[in-house]
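Student: Each chain, letter by letter, is given below.
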Amino acid sequence: MSAHADTHAHEDDHGHHHKETFVTKYIFSQDHKMIAKQYLITGTIMGVVGVIMSLMIRMQIAWPEEPNVIFEALLGKWAPGGVMDADMYLALVTIHGTIMVFFVLTAGLSGTFSNLLIPLQIGARDMASGFLNMVSYWLFFLSSVVMVISLFVEAGPAAAGWTIYPPLSALPMAQGGSGMGMTLWLVSMAIFIASSLLGSLNYIVTVINLRTKGMSMTRLPLTIWAFFVTAIIGVVSFPVLLSAALLLIMDRSFGTSFFLSDIFIQGEVLHYQGGSPVLFEHLFWFLGHPEVYIVLLPALGITSEIIATNSRKPIFGYRAMVASILAIAFLSTIVWGHHMFVSGMNPFLGSVFTFTTLLIAIPSAVKAFNYITTLWKGNLQFNPAMLFSIGLVSTFITGGLTGIILGDSALDINVHDTYFVVAHFHLVMGISALYGMFAGIYHWFPKMFGRMLNKNLGYIHFWVTAVCAYGVFFPMHFIGMAGLPRRYYTNSNFPLFDDLSNVNVIISLFAIIGGIFQLVFLWNFFYSIFYGKKTVQNPWKSNTLEWTAPIKHIHGNWEGEIPHVHRWPYDYSKPGHDEDFVPQNVPLKDGEEELQH
Amino acid sequence: MTALLTIIVLVFITIAIWQMVKIFDLANANNENSQVANDKDNRVNGYLMLIFLAFIYIITIVCLVKWGDLPLMSNSASAHGPQIDNLMIISMVLIFIVQTITQFLLHYFAFKYKGEKGRKALFFADNDKLEFIWTIIPVITLAGLIIYGLFTWSDIMNFEEEEDALVVELYAQQFNWKARYAGEDNVLGEANVRLINLDNANILGLDEADPNAQDDIITTELHLPVGRQVIFKMRSQDVLHSAYMPHFRAQMNCVPGMITQFAFTPTVTTAEMRQTDEMVKKVENINNIRTEKSKDLVAKGEEALDPYEFDYLLICNKICGKSHYNMQMKIIVETEEEYNAWIKEQQVFKNSLVQN
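Chains as they are written, first to last, in my numbering: chain G, 1 to 597; chain Y, 1001 to 1356.
Rather than coming from a laboratory, the hints here were simulated on the basis of the structure. Yeah, the Cβ is synthetic: ideal placement off N, Cα and C, and Gly gets one too. Treat the hints with caution; some may be incorrect.
Simulated coverage check for chain G against chain Y, where a stretch passes if three residues somewhere in it have a Cβ under 8 Å from a Cβ of chain Y [as the list claims (entries may be wrong)]: (1) 31–42; (2) 243–254; (3) 344–356; (4) 414–422; (5) 469–475.
Simulated restraints, written as ranges between beta carbons of each label pair [unchecked claim]: (6) G:243 / Y:1039: 41 to 47 Å; (7) G:23 / Y:1016: 36 to 42 Å; (8) Y:1165 / G:243: 37 to 43 Å; (9) Y:1300 / G:77: 35 to 41 Å; (10) Y:1323 / G:77: 16 to 22 Å; (11) Y:1023 / G:579: 17 to 23 Å; (12) G:560 / Y:1133: 54 to 60 Å.
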C-alpha cells in the first residue's frame, strides 16, 4: 500500500511543474489545502449570518415589546416599525439552527480540518480524488447560496424549526415559511448532503489507502481517527436524511402521504391518508443524533492533538481514546429515539433508548478523564489554541452531564422542549464544537496561511467568550427547569413565567457581549492572513507530519520524498531525548523502544 | 436605544483593538516566536484558569440561590409527580458533585502545571488501572440511574386503568385547545377530522350517528376532579402539537392521524395550590414585577397589566406555527362535587349541533 503511495508521489512530483492559472489555483482548485481554506472562509461567513440571527433571537426574547431599530434595519418588511413578526422569529430560530449545525459545524469544521490535515498528517500528496474533493466544496458552496437565497423569498424562509417536522413543514397553509422557503431549504439540504457524502467517502478512502510508509493505524494522530470515524458516521446516516427530505418533497409537491394523514386545515379536509409524522421523526433523528457526533468528534480529535502538544506530554490513554471514539460512533447510531420519548411512540421503545443513551456517557466520561490526566504534571503552554481546548473540555463536561437527565425518559417528560434542552445542546455540541473549531484555527493558522494569529487578541477572544458562554447557557438550565418552552416568540402571554424575564435579560446581555467580541477574532483572522507575523516551520514544536512540510504551500505537500514514520505522534518529553518533542519521522534511536500503546 | 448603545460599544471595541494591536506589534517587533506563549503568558493564563474556576462556582451558586427554588420541580400536583421529582433531585445532586470535582481538577491542573521554560513534563502515556477505574465508576452509577429511571418511566407510561378513571380527549388545533369529556357513559364517541362539519358546528369531527358520541361534552377549559385518575386521549387536526402540563409532570405530543395517550391523577386542587407558601410567594413576586411593568406601560399611555392569579396550564410545547407562543388552556382541579356541578352545566354534543 505504502509502496503504491510512493510511486504515485513521484508521478505527482513531475506533475506540479505545470503552470497554475488564477482559476485553477484559487477557485476550481483540486489542492486539499486550498479547498480547506475555501471551506473555512465559507463556513466563517455562514457563521457570521448564524450568530447575527442568534443575537436577534436573544434581543427579541429579552425585550419582546420594545421596537428595535436593528430588527427594522436587518429584517425590513418582517419588522415593520421595528417590531419583529412572529413568523420571522420562528424563521430565525430555524435558519440559525440549520446554518450553525450543518454549514458551520459540519462543513466549516469537518470540511476545513479533514481536508487540511488528513493528507498532511498521514503523509499523502493529496486526497485520493482531488476532483471529487473540488466537487464536494462547490456543492457545499451551492447549497450555502441556495440557503441564503431562501432568506429572501416572498412568504419568508423555512420556519418549522431546524427539525422541519411535518405536517407543519409540509403544508404551505400551516405557515408562510412552508411554501417556497421550505422548498429551497430542502433543495439546499439535498445538495449539502451530496457534498458531505463526496467529502466523507474521500476522507475514508484517503485514510485507508494513502498513509505513508510506517504510518500504521495505531500510529495515526487522534485527529485523523476522529475525522475518519466522523466520515464513516456521515456516510451511514446522511443518506437517511436525504431519503426523508425526498419523501417530504414527494408529500409536498406530488400528493403522496408518507408523513401525513387525516388533516383538516383552514376549513377543508386534505386528501392525505395513512402516513405518519412519527416516521419522519425516526428518519430525521437517525441522522439528527449521529449529526451531534459528526459535529463533536472532529472537535474532540483536534482537542486531543492540541492538548497533547501544548501539555508537552503524550495524550493519556491513546488506545482508550480510540476505543471511546469507536464506541461513541457505534452508540450514536442507536440512540436517536431519545429525541422522541413523548412523540407517541411505544413506551417500551423509550426504555430501550434510555438504556442505549445513558451508555454513551461511559466513553464520554473516559474521554473527559483522559484529557484531565493529560494535563496532570504537564508543562502547559497556554497558546490560544490550548485555552480553547481546555474550554472545550469544560463545556463538554458541563453540557454532557445534563444529558443524564435528558436521556432519562422519565425525566425528559418534564423538561422536553424546554430551555433546559436548549442549554444542554448548546453547551455540549454548540459551544464545545465551536471551541474545537477556534482551537483548530489558532493552531493550524500558520500551516494554512504561513503567518501567525496575534496571541493577545486570542487571549481576549477566549476569556470573554468563555465567560459569556457560561453566562448565557448556565442560567438557561434554570428557566428550563421552571418549565419555559423553547421557540416562543414572547413569554408575555404567560404571567406564570414573568419572574423569569429578568433572567432572560441577563442571558441576552451576555449573548450580545459574547457575540460582539467575536469581532475581535474576525479582525485577527482577516488581518493576520495578510499582515500577521511570519511563522517558523514548526511553531508549536509539534510531532505530527504536517509541520515537516514546507511553510510555502506546494502542490504535493513535500518536495522530494514523503517522510517515513517511525513512531507514534505523542512522544513528548520522552526520557532519553534532549528536546521535549520527537517528530514522527525521526527514527528510533539505538535501543529505544516504541511505546506499546 | 439598544441600537445606539450597540453602535457605541462597537466603535469603542474597534478603537481598543486597533490600539492594542499596535502596542503588541511594537513590543514584539523583532522576536521570532513572539506569537507563541511565553512564561509570562503561561503565568497570567494559569491564574485566569483559577479565576475562571471561581466564576463557574459563583455562577452555579448564584443560579441555585436565585432561581433554584424551581416551583415547577418541587411541588408537583399529580400522583406520579414526586417520583419524577425524586429521580430529578438524585440526578441533579449527582451531576452537581461530578461537575464540582471535574471542573476543579481540570482548572486546578491547568493552573498548577502552567508551563515554565526548562521544565520537562512527565512522560505518562497509559495506565490500565486508572482507565478501568473511570470506566467502571460511571458504569455502576449509570446502571443505578438507568434502573431507577426505567421503573419510573414504566410506572408512568404503562398505567393501569382504574375503575373510576375519567376519560378526556385533548384536541389540538392551530392555535387552541379543546377538551372532550365522555359524558354519562364514560365512552368517547368515534371521531375523525374527515367528519368535521363547520355548518352544523361539529367542530371536532364526531360521528353524529355514534350513540356514544351523543352525550360527549366539548369544552374550552379543562376541569379535573381531584384524586381521580384521568386518561387523556390526544388528537390533533392539523400539525404536531405537544400537550405540556408542567405542574403535573405530564407531556405528550398530539399527532395528526393517530391517538396518543397519557394518564395522571391530580392530587392538589387549584384552590389548595394557590394557598401553598411557595405559590403565595411566587405570585406576590410576579405581581410586583407586573406592577413595575404596568407603571412603564401607563406612562406610555397603554393599559396596565392585570394582576396575576395562579392557575394550572396546558401549554403547547411543539413548534406549531405563528401563534405557537400563545396556545394555552386553563386547567382547574377541583373537588368531585364542584366538578360534577360544572359538568352538569355544560352542553352535550347532540344539543350543541346547529340544526339547519
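Student: If a hint holds in the structure, say so; if it does not, say that too.
Tutor: Against the structure, the hints:
Counting residues of the region 31–42 of chain G whose CB lies closer than 8 Å to any CB of chain Y gives 0, which falls below the minimum of 3, so the coverage claim is violated. Beta-carbon proximity to chain Y at under 8 Å applies to 0 residues in the region 243–254 of chain G; the threshold of 3 is not reached and the given coverage is violated. For the region 344–356 of chain G, the assignment as covered by chain Y holds, since 6 residues bring a beta-carbon within under 8 Å of that chain's beta-carbons and 3 suffice. Remark: the region 414–422 of chain G is confirmed as covered by chain Y, as 4 of its residues place a Cβ nearer than 8 Å to a Cβ of that chain, reaching the required three.
As drawn, the region 469–475 of chain G meets chain Y at 4 residues by the rule of a beta-carbon pair under 8 Å; at three or more, the given contact holds. The hint said 41 to 47 Å for the Cβ distance between residue 243 of chain G and residue 1039 of chain Y, and at roughly 56 Å that hint is violated. Remark: the range hint 36 to 42 Å for residue 23 of chain G to residue 1016 of chain Y is upheld by a beta-carbon distance near 40 Å. Distance hint check: the CB atoms of residue 1165 of chain Y and residue 243 of chain G are about 41 Å apart, consistent with the given range 37 to 43 Å.
Checking the proposed 35 to 41 Å range against residue 1300 of chain Y and residue 77 of chain G shows it is violated: the Cβ atoms sit about 25 Å from each other. At about 20 Å, the beta-carbon gap between residue 1323 of chain Y and residue 77 of chain G stays in the expected band of 16 to 22 Å. The hinted range of 17 to 23 Å is not satisfied by residue 1023 of chain Y and residue 579 of chain G, whose Cβ atoms lie roughly 33 Å apart. Between residue 560 of chain G and residue 1133 of chain Y the beta carbon distance is about 48 Å. The supplied range of 54 to 60 Å is therefore violated.
When the structure is compared with the earlier hints, violations turn up for hints 1, 2, 6, 9, 11, 12 and for no others.
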